[in-house]
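Add chain B to chain U, keeping to what the hints say.
Just so you know, the protein sequences line up as chains U and B, in that order.
Position one of the first sequence corresponds to residue 1 (the UniProt record's numbering), numbered consecutively onward.
Position one of the second sequence corresponds to residue 1 (the UniProt record's numbering), numbered consecutively onward.
A hint or two may mislead.
The list cannot tell twin chains apart, which means a pair is met if one copy fits it or any two copies do.
[To be verified] Keeping only pairs whose Cα atoms sit at most 20 angstroms apart, straight-line, the calculated SDA-like set for lysine to any residue is:
| id | residue 1 | residue 2 |
| --- | --- | --- |
| 1 | K430 | A334 |
| 2 | K167 | S69 |
| 3 | K23 | A300 |
| 4 | K227 | D31 |
| 5 | K103 | W121 |
| 6 | K103 | G118 |
| 7 | K227 | R44 |
| 8 | K402 | L90 |
| 9 | K342 | G153 |
| 10 | K342 | G118 |
| 11 | K103 | T122 |
| 12 | K342 | R120 |
| 13 | K227 | D26 |
| 14 | K402 | E84 |
| 15 | K103 | D231 |
| 16 | K103 | R120 |
| 17 | K227 | S27 |
| 18 | K177 | I73 |
| 19 | K23 | N214 |
| 20 | K177 | E89 |
| 21 | K23 | F225 |
| 22 | K23 | D263 |
| 23 | K167 | L59 |
| 24 | K227 | R24 |
| 25 | K342 | A107 |
Hint data in this document are derived by calculation from the structure and do not stem from the laboratory.
Protein chains: 2
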Amino acid sequence: MPVFLDSTATDFEIAFDALLNAKREDSPDVDDTVAAIIADVRARGDAAVIELTERFDRLSLTPETLAFSPAEIEAECAKVPAVERDALELAAERIRAYHVRQKPDDARWTDPDGATLGWRWTPVSAAGLYVPGGLASYPSSVLMNAIPAQVAGVERLVICAPTPDGKANPLVLLAAKLSGVDTVYRIGGAQAIAALAYGTDTIRPVDKITGPGNAFVAAAKRRVFGKVGIDMIAGPSEILVIADADNDPDWVAVDLLSQAEHDESAQSILVTDDAAFGQAVAAAVEKRLETLERHAIAGASWRDFGAIITVRDLDEAAALSNRVAPEHLELCVADPEALSAKITHAGAIFLGQWTPEAIGDYVGGPNHVLPTARSARFSSGLSVLDFMKRTTLAHMTPAALKAIGPAAETLAISESLEAHGLSVRARLNKLNEAGE
Amino acid sequence: MPVFLDSTATDFEIAFDALLNAKREDSPDVDDTVAAIIADVRARGDAAVIELTERFDRLSLTPETLAFSPAEIEAECAKVPAVERDALELAAERIRAYHVRQKPDDARWTDPDGATLGWRWTPVSAAGLYVPGGLASYPSSVLMNAIPAQVAGVERLVICAPTPDGKANPLVLLAAKLSGVDTVYRIGGAQAIAALAYGTDTIRPVDKITGPGNAFVAAAKRRVFGKVGIDMIAGPSEILVIADADNDPDWVAVDLLSQAEHDESAQSILVTDDAAFGQAVAAAVEKRLETLERHAIAGASWRDFGAIITVRDLDEAAALSNRVAPEHLELCVADPEALSAKITHAGAIFLGQWTPEAIGDYVGGPNHVLPTARSARFSSGLSVLDFMKRTTLAHMTPAALKAIGPAAETLAISESLEAHGLSVRARLNKLNEAGE
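Extracted from the complex, chain U is given alone in its bound form (with noise of 0.2 angstroms):
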């Protein structure tokens, strides 16, 4: 059974603090073993991917097979059904529509004293996306990854994606190839990761690593940021859903169990409004469980860290939501947009009861990888903007630098820069020489 939490009881506070401050996830240090793979990769390349693969992976690779051969590629995305091709399609359609209206606008104007500003952005030159193997391999998040990346104009873009025993998941492979991924290395692991900051005689290193992983590949994540970017380090996924009692208990039932599905450490909260409604959806849950195929992952996660909570009116649901920061949040109530309104802290809002969240994950547009762990209250989902950088811009004219030049010259001085102010002063005494 969930938690079922009153707003009204003395003890709430203590209660939903205890909720917000669950420790859902523990993860196995790895760092030490993923510090030597990484410095294994850096000192061997090839070699070290090689044999790590073979151990790992149960798979023989050479230089020359690491990365699938556009002939592979292609058998491989021949055995995806139409149907399967349909859905892919239209999901990368929407993801793409969505994401182009992303791309950031450059700047350039005069400002008064004659100084010329602004800024640019440009993409990076390479990114690396990576796609777990076995049963969290995605091709959705191959979507979700690499077209963000091909709007942004990545030049290069490459996965690595593990194949244990040599199983290629075929959607997977036509996925990339729907993004305009060029080369998709069949390795995986913290070994993956050193390739891709690093670099092999193979593998050419890229400027950006984004893309899910276990908890060798979130430690080779952390360890390689700096030497090149990453996206943020995924927790596990969570939904809360605020509804009325207008709402059918079985629709909202099986939407928290969308998430409660994906691992035993997901979260579901239902926020609503009529404790009556609150125990029907408790029931449907129940009742759906009995048949759901991932029932012992779903029960588990919906046991341990499932919540339903009573509240006194939707003002209520939403400053708890804020306090939680949802990486989903659905509004299933009657005038969504003005709830909406009064979120402060969310990943993503799916409005309205015809909403389900799992639109979201495929065919919606917006991103589902999204910020977990109550990270939504300093951090946002992934975007075209994250594989773009911006370059300020600034041009002074001589009376631009006359007019401020003399305030930068004083702040230099202040700070005990004085190069810094010097800098400023030969130009300003050029200037005066010249009568200025």
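Just chain B, lined up with the frame of chain U:
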């Protein structure tokens, strides 16, 4: 003497790679110490912070005196001479005017399937800015960190600034006041970062921590990353100047020295298409070093990491600069705008010989917190966006769900995520029953 390179030399690639990969900083490994300090602050809160401040800063505090009182701040600010106050106010005004333009736009649209999509930006609720004590206590950095946060709309803005032996920097407090900072704590080091991330009885936790610091501060920021957001981990400063022969060698020399004087690990590089001009700049640097206050630091940086590179033409200069991805790039050439268009990786560009880099450190307007150590390949300077986050929005109608829901269901099933598919199917069944 700096290294002299010539792009036409046969060993140029080897020498340039060595320059690119020179290890300029040996950060001491303070990770274990920092982990212990963080654990101590989490366990004992204020008491730990006070004890550590006594030990490291030789300053006795109580919970009541952890922060400067409003009267203390006023008293310190009153010590600032009018000329410095005016300079700081001009800087604040110009930095604000630049950063206001960075405020991102929300978006909302309805697509042909009837789905309403978009995103909305919101500020982080609370930010903490770290300001080093002692020599590197720069009021300009307070402005550069606090003003973007203030422009973003951050509700609560606090500073941690150690005051070794109780010595405060009046300009730092004035800068804090000018940029809307609510509270200034006189604490520093890993203990300050831990207090900002986890909170104590006196210090409320924040959501984002930015600002430069020593090895202990940097290690602490790495450790609390995830619990809170952080900015980049800054390395030693760098400048690359591309200059043709039509420049005053002395101006270029002081510009190079204005980075070199920051730190013995700083790096200053001149790229020129005229070897004689390069020699003239080298001579001008030596002359300026004779009298420079910080000649020991600047001289060591120039000797160990400085470089003068002669190239065939400005196109080659741009290509080499892009491989360096410098933090600061000056374009002292006849047509800086044309050359700027060829730059793909740089933190900030200063166009033309009337724009010394130091203008950008203080009063230009753009931020001076910029990506170091070649990270301009994948990251940007500090901006308003660093204190905001984006929530994506999706609102389906029944018709939109009917149009795109089946593809989501197909992909969910292909990923073995049954509940994801069921959350769509339950709604589609309802529409089918209703004959819609």
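Hint check results:
Taking identical chains as interchangeable, the C-alpha atoms of K430 and A334 lie at most 20 angstroms apart only when they sit on different chains, with a minimum of 18 angstroms there against 69 angstroms within one chain. Proximity of K167 to S69 under the C-alpha cut-off of 20 angstroms is restricted to the intra-copy arrangement: shortest distance 15 angstroms within a copy versus 65 angstroms between copies. For a Cα distance limit of 20 angstroms, the shortest separation of K23 from A300 inside one copy, 15 angstroms, qualifies, whereas the shortest one across copies, 49 angstroms, does not. Taking identical chains as interchangeable, the C-alpha atoms of K227 and D31 lie at most 20 angstroms apart whether they share a chain (17 angstroms) or sit on different chains (19 angstroms).
Proximity of K103 to W121 under the C-alpha cut-off of 20 angstroms is found in both arrangements, the shortest distances being 9 angstroms within a copy and 15 angstroms between copies. For a Cα distance limit of 20 angstroms, the shortest separation of K103 from G118 qualifies both inside one copy, at 17 angstroms, and across copies, at 13 angstroms. In this assembly of identical chains, K227 and R44 lie within 20 angstroms of each other by CA distance solely inside one copy; the values are 18 angstroms within and 35 angstroms between copies. Taking identical chains as interchangeable, the C-alpha atoms of K402 and L90 lie at most 20 angstroms apart only when they sit on different chains, with a minimum of 14 angstroms there against 58 angstroms within one chain.
For the identical chains of this complex, K342 and G153 are inter-copy neighbours only, at 16 angstroms across copies versus 35 angstroms inside a copy, given an alpha-carbon limit of 20 angstroms. For a Cα distance limit of 20 angstroms, the shortest separation of K342 from G118 across copies, 16 angstroms, qualifies, whereas the shortest one inside one copy, 33 angstroms, does not. For the homomeric pair K103 and T122, the shortest alpha-carbon distances inside one copy (10 angstroms) and between copies (19 angstroms) are both at most 20 angstroms. Proximity of K342 to R120 under the C-alpha cut-off of 20 angstroms is restricted to the inter-copy arrangement: shortest distance 12 angstroms between copies versus 33 angstroms within a copy.
Proximity of K227 and D26 under a CA criterion of 20 angstroms is satisfied inter-copy only: 15 angstroms between copies versus 27 angstroms inside one chain copy. Taking the shortest Cα distances, K402 and E84 sit within 20 angstroms of each other only across copies (17 angstroms), while inside one copy they are farther apart (65 angstroms). In this assembly of identical chains, K103 and D231 lie within 20 angstroms of each other by CA distance solely inside one copy; the values are 18 angstroms within and 22 angstroms between copies. In the homo-oligomer, the alpha carbons of K103 and R120 lie at most 20 angstroms apart both inside one protomer (12 angstroms) and across protomers (15 angstroms), since each shortest distance falls under that limit.
Proximity of K227 and S27 under a CA criterion of 20 angstroms is satisfied inter-copy only: 15 angstroms between copies versus 24 angstroms inside one chain copy. Only within a single protomer do K177 and I73 lie at most 20 angstroms apart by alpha-carbon distance; the minimum there is 8 angstroms, versus 60 angstroms between protomers. For the identical chains of this complex, K23 and N214 are intra-copy neighbours only, at 18 angstroms inside a copy versus 31 angstroms across copies, given an alpha-carbon limit of 20 angstroms. Within a single copy, K177 and E89 get their C-alpha atoms as close as 11 angstroms, which meets the 20 angstroms cut-off; across copies the closest is 54 angstroms, which misses it.
When the C-alpha separation of K23 and F225 is checked against a cutoff of 20 angstroms, the pair qualifies only between copies, where the shortest distance is 16 angstroms, while the shortest distance within a copy is 25 angstroms. Proximity of K23 to D263 under the C-alpha cut-off of 20 angstroms is restricted to the intra-copy arrangement: shortest distance 14 angstroms within a copy versus 42 angstroms between copies. Taking CA atoms no more than 20 angstroms apart as the test, K167 paired with L59 passes inside one copy only; the shortest distance there is 9 angstroms, against 63 angstroms between copies. Taking identical chains as interchangeable, the C-alpha atoms of K227 and R24 lie at most 20 angstroms apart only when they sit on different chains, with a minimum of 14 angstroms there against 30 angstroms within one chain.
Taking CA atoms no more than 20 angstroms apart as the test, K342 paired with A107 passes between copies only; the shortest distance there is 17 angstroms, against 31 angstroms inside one copy.
No hint from the list above goes unmet by this structure.
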